[in-house]
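Asker: Spelled out from the first residue to the last, the chains are:
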Amino acid sequence: MSFSRQVIASCIYPELIDSDKMPLDVRERAKTLLECIGGSVGCYSDTIGIPIMRDSVSDFLTRRDEGVPSASGNIFITHGSDHGFGLLLTMLVRGDRSPLVGVLTPVPSQDFGNALVASGATAVPYYLDGQQGWRLHTEELQRALRSAREVCDPIALYVINPGDPTGHVQSRESMEEIIRFVYEEKLLLFANEDHQDILIGEGCMFISYKKVLAEMGSPFSDAVELASIHSASKGFMGEGGLHGGYLELVNFDPSVQIEFDRLISLLGLPIIGQLALEVMLNPLQPGEPSYEQYQEEIQHIRETLVHNVTRAFEVLDSLPGISCEPINGGASMFPRLHLPHIAIHQAKEEKLPDFFYCSRLLEQTGLCVCPGSDLGLPEGTYHIRLCIMTSVDTMEEVLRRLGKFHKQFMKDFS
Amino acid sequence: MWFWGVSAVIFDKGSRTINDACLIYCLPGGGVELNPIPISLYLYILCYTISLQQRGTSAANMSQKEVNGSSHRGKVLTLETMNQNVRQVEYAVRGPMVLRAVQIEEELKKGVKKPFTEVIKANVGDAHAMGQKPITFIRQVLALCAYPALLEDDKFPEDAKLRARRILDGCGGQSIGAYSASQGIECIRKDVASYIEKRDGGIPSNHENIYLSTGASDAIVTMLKLLICGEGRTRTGVMISIPQYPLYSAALTELQGVQINYYLDEDKCWGLDVGELRRSLTAAREHCNPRALCIINPGNPTGQVQSRQCIEDVIRFAKEEGLLLMADEVYQDNVYAEGCVFHSFKKVLFEMGPEFSSVVELVSFHSTSKCYMGECGFRGGYMEVVNLDPEVKAQLTKLVSVRLCSPVSGQALMDVVVNPPQPGEPSYATFTKERAAVLADLAEKAKLTEESFNNVPGFHCNPVQGAMYTFPRITIPQKAIDQAKAAGQAPDQMYCMKLLETTGICLVPGSGFGQREGTFHFRMTILPPKEKLKYVLEKIAEFNAQFLQDYS
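Sequence order for the protein chains is A and B. Each step along the first sequence adds one to the number in the numbering used here, with nothing skipped, and position 228 is 228. Each step along the second sequence adds one to the number in the numbering used here, with nothing skipped, and position 193 is 1193.
Excised from the complex, chain A in its bound form (with noise of 0.2 Å):
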């Protein structure tokens, strides 16, 4: 986005703010953040995050969710979700005290396992239901949990919405379902919430976590401590590299709450993610010189995922072999594999089918796309994430080159 990156450049080397070179509203932003970061980005942060980005936090979390108050005191800003997620964890584990601490985690999702490993946590997976749209059933959650309690001391539960690879909004009856659950079978719930930006289905609509749980009151309201987690990574921002993020602690024991600044106080953060942050959530007011160019470039990443999308169907679903669920949000694709049986024999010979799939795909048209196995699929189904976060002739080539290998590959394993 031209006016993040112009209010960071002019923070970065204020020379910038007294030249006539960048518009007036980069550099009121830019001299205004500069105040409150204490005249330099080449500060330390303070501990939780400067505190002015903290508010910023805390306004945007009010107004996104319309009333439903935030406190800036529960805000912690991160490197980004992963970095927010790894912190959690490290909260829970109890160093090698048996059972271990187990988290339930979706999939298919991100590998998980290495970060929850890394933290002496265990992974306890639930399955969403690849044959409507990814939901998440209630059932399947109980049955996890039940099977982890053999095995594990199960504290909380992970969701992603929207969901990532497999694009899938929650609804707010699914939502309550999921927070009822937690309240009931006493799991702290973090809900990462970080492709809430751009929503790709029509008529979809994001809610966050907190106003769902807000507004069914109590016994709900006051009692499930509720992790959400946010960055300026994805979105229209896309800002992975600059690492800006943020967490926001629900109903937390205060004195946990206090711990928890103590650990995030051993490493920095660095003070040009949280002004990517901190435009991200107060972005530009009509009127301002930067607003329209601002709108603009949010519309053309919108209206470019959209695109994406649409040709993406169009050209898979008219492939044999491949099908795929509504996306409704999130970054990628997921399609399904319908292998046939000479290529699944083949394929086990030395490696799962869809990794073989992919690695042929790599290999003969040099696109890189990722197995379903490696996001915790279970043998049996057969799928491959694709970024959709790419221009439209970038996804032009991709669809074209993933159609052809795929005739192709359905032809030679016939």
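Read the hints as simulated data drawn from the structure, not as lab findings. Check the hints yourself; a few may be wrong.
[As the list claims (entries may be wrong)] Calculated pairs, EDC-like style, for lysine to aspartate or glutamate (alpha carbon to alpha carbon, straight line, at most 20 Å):
| no. | chain 1 | residue 1 | chain 2 | residue 2 |
| --- | --- | --- | --- | --- |
| 1 | A | Lys21 | B | Glu1158 |
| 2 | B | Lys1133 | A | Asp18 |
| 3 | B | Lys1109 | A | Glu35 |
| 4 | A | Lys21 | B | Glu1152 |
| 5 | B | Lys1155 | A | Asp18 |
[Unchecked claim] Quick list of the computed label-pair ranges, beta carbon to beta carbon:
| no. | chain 1 | residue 1 | chain 2 | residue 2 | range |
| --- | --- | --- | --- | --- | --- |
| 6 | B | Val1359 | A | Cys368 | 36 to 46 Å |
| 7 | B | Val1392 | A | Val151 | 25 to 35 Å |
| 8 | A | Arg401 | B | Leu1162 | 31 to 41 Å |
All figures in this text were calculated on a predicted structure; none of them were measured in a lab. Glycine is no exception: its CB is placed at the ideal position from the N, C-alpha and C atoms.
Fit chain B to the given chain A structure using the hints.
Answerer: Same frame as chain A, now just chain B:
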């Protein structure tokens, strides 16, 4: 004249369009002046003001809720059920002193009267927060990376643009917003390797052994994670110098490693003695499995620059005892005292010949937060691993991938640090001048501080040979010691707390860094600007005199 308010004049009531807006000032002699402003600025101020009000309300609401909201039902995550190691972590640099300092700042803002008008935070090594100016060239390159449209601007010198383009070429999609490879952007790691080779007189450095990290702290903690294992008597022990930078003790606590203390010799200018290393190691072998030795050179908080002989002794010791060496060299450019020279552990290791250089496992750390750059907020750093088992290195590479990558702006900054302007380039003269000025200023303040403190009765201050801190030994009368102990406080903590309340000067008590039993110290940074530093030195001397009197 002072600013009174902002107002908009709405002419067309029907459509509620704003036609004119102005800032309202009060004039000294009375009366009012209106200065027209663009509508956009008016709206911006309005939104900001509203957001300020909302901030107040929402905070108030939530704290109400927090008070009333905890139900009869117990929490899932409590002090008892959480990670107990985290509870034990202490990090004095940002500990209770700082919390109180921040509180005092709030009180000052609210107009509470104090014997001072500002809090001076001489506790943390944050150069820019104390007024040190950033290096122009560095900021130019980073601004170009952040907003590449500036590459068309002829206000920026060619050498800055050259480096920005090189960095952006190494980034995904030519953007510092893209995640990088977990080990760090390859061309930057190559530049780091070249820098190390040049610095160490040609001793080769391979970019595959370089890991870019979030400050040096991130890399240090990563190595500790790799090292710590075992149970009971076989639990990993890590040797750290006392006094030490408390990141090490905090990380060891969190990771449940065993901390093995070896004492630096205050009477020998905080020198390191191999006899002491041996004593500490032998004792440690009774209860744990010592596997690593950490050394900070130049030292924090002690400021000593180790001699070449000392470094050789440590390397020999590490080889004999089978220890992995962790060399924290973040202050490598901060060397002031005459006769003192920075010798990198890697260089010395290789100059000792293959008997050592092919065997001793060494990890060296560097950062962009110190030296002449002082860019703490960017979180740039690296570690170089030498002689690590290839399979362990593969595990290390896997471990760093869990946290995706270090901040790309910090990686970019590290690239500028290892690739500064060369003679003949447009920015060379200015860069060299600015760099020399920062270091000369620090050297002057180091000398001033040492002299000043050695004139304070009861203080003994070793020369500040390098780094950014002074760690004088102070005298605390028995009466004060007893009072502190009765209150459950370390005596030097009580001293520093009283100093803070009386003068607004925030230091870190020596107990936060470790010290010999029965001795007391504090750590003060030498970063405040010279005039302010002189003021601080005076005030501390005054306070100390009063303190000794009060407790005589």
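Asker: Of all the hints given earlier, name the ones this structure violates by number, lowest first.
Answerer: Result: no hint breaks.
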